[in-house]
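Engineer: Sequence:
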Amino acid sequence: MQRWAGPAGGEEETEAPLSTPEVCQLTHELLGFLKTEAQYSLRRLTPLEQQHLYGGPQMAPKEAEELPSFFQGVQLVPHEVKGGYRIGEFLTFNCLAGVGDLYSDCLRSFWTCPRCRLYMPFTPLERVA
Numbered sequence: 001m002q003r004w005a006g007p008a009g010g011e012e013e014t015e016a017p018l019s020t021p022e023v024c025q026l027t028h029e030l031l032g033f034l035k036t037e038a039q040y041s042l043r044r045l046t047p048l049e050q051q052h053l054y055g056g057p058q059m060a061p062k063e064a065e066e067l068p069s070f071f072q073g074v075q076l077v078p079h080e081v082k083g084g085y086r087i088g089e090f091l092t093f094n095c096l097a098g099v100g101d102l103y104s105d106c107l108r109s110f111w112t113c114p115r116c117r118l119y120m121p122f123t124p125l126e127r128v129a
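Residue 1 is where the sequence shown starts when you use full-length UniProt numbering, and the numbers rise one by one after that.
Mixed in with the good hints there might be a few duds.
To be verified - In silico lysine to any residue, SDA-like type, Cα no more than 25 Å apart, as pairs:
#1 LYS35 - PRO47
#2 LYS82 - ARG44
#3 LYS82 - LYS35
#4 LYS82 - LEU42
#5 LYS82 - LEU96
Stated by the list, open to error - Pair by pair, the computed Cβ-Cβ distance ranges are:
#6 GLU80 - ARG43: 23 to 33 Å
#7 LEU34 - GLN72: 43 to 53 Å
#8 LEU42 - PHE90: 13 to 23 Å
#9 LYS35 - VAL128: 33 to 43 Å
#10 VAL23 - LEU107: 21 to 31 Å
#11 THR36 - GLU80: 49 to 59 Å
#12 GLU126 - GLN51: 46 to 56 Å
Rather than coming from a laboratory, the hints here were simulated on the basis of the structure. Every residue, glycine too, gets a C-beta built ideally from N, C-alpha and C.
Construct the entire structure; sequences and hints are all you get.
Structural biologist: Written out as structure tokens, the structure reads:
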């Protein structure tokens, strides 16, 4: 750090100017960072995925105490439809169904056989057989 006399006579602390090799290295690393590519894809949700997207209002109010500490000072209000908790006007926390739940719900569901009235969880393929 160097001290320079400012226009009003006061002293200002400023950093020493960077050398040319440091500027070149910083520029090269910054450009490399900005050119980083992230692979992603977008697709439309199927009606079945939309049906099982949200967990529903199953969270008990006592579970709010176990939520991460970055919600301190915010009143957690349970969401009536999606489940989870409303953090703000545009944010609902912990409302999405887990991957395991979505898999279980889609793979097997309870079904009643029209012939024998057997009520059991079946996959769509088992219902046809």
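Engineer: Each hint should be assessed against the structure and marked as holding or not.
Structural biologist: Against the structure, the hints:
1. LYS35 - PRO47: Given that 25 Å is the threshold and the Cα spacing comes to 37 Å, the pair is violated.
2. LYS82 - ARG44: holds (20 Å)
3. LYS82 - LYS35: violated (38 Å)
4. LYS82 - LEU42: holds (23 Å)
5. LYS82 - LEU96: holds (8 Å)
6. GLU80 - ARG43: 23 to 33 Å: holds (29 Å)
7. LEU34 - GLN72: 43 to 53 Å: violated (35 Å)
8. LEU42 - PHE90: 13 to 23 Å: holds (21 Å)
9. LYS35 - VAL128: 33 to 43 Å: violated (52 Å)
10. VAL23 - LEU107: 21 to 31 Å: With a Cβ separation near 58 Å, VAL23 and LEU107 fall outside 21 to 31 Å, so the hint is violated.
11. THR36 - GLU80: 49 to 59 Å: About 41 Å separates the Cβ atoms of THR36 and GLU80, which means 49 to 59 Å is violated.
12. GLU126 - GLN51: 46 to 56 Å: Distance hint for GLU126, GLN51 is violated at roughly 20 Å.
In summary, the numbered hints that this structure violates are 1, 3, 7, 9, 10, 11, 12.
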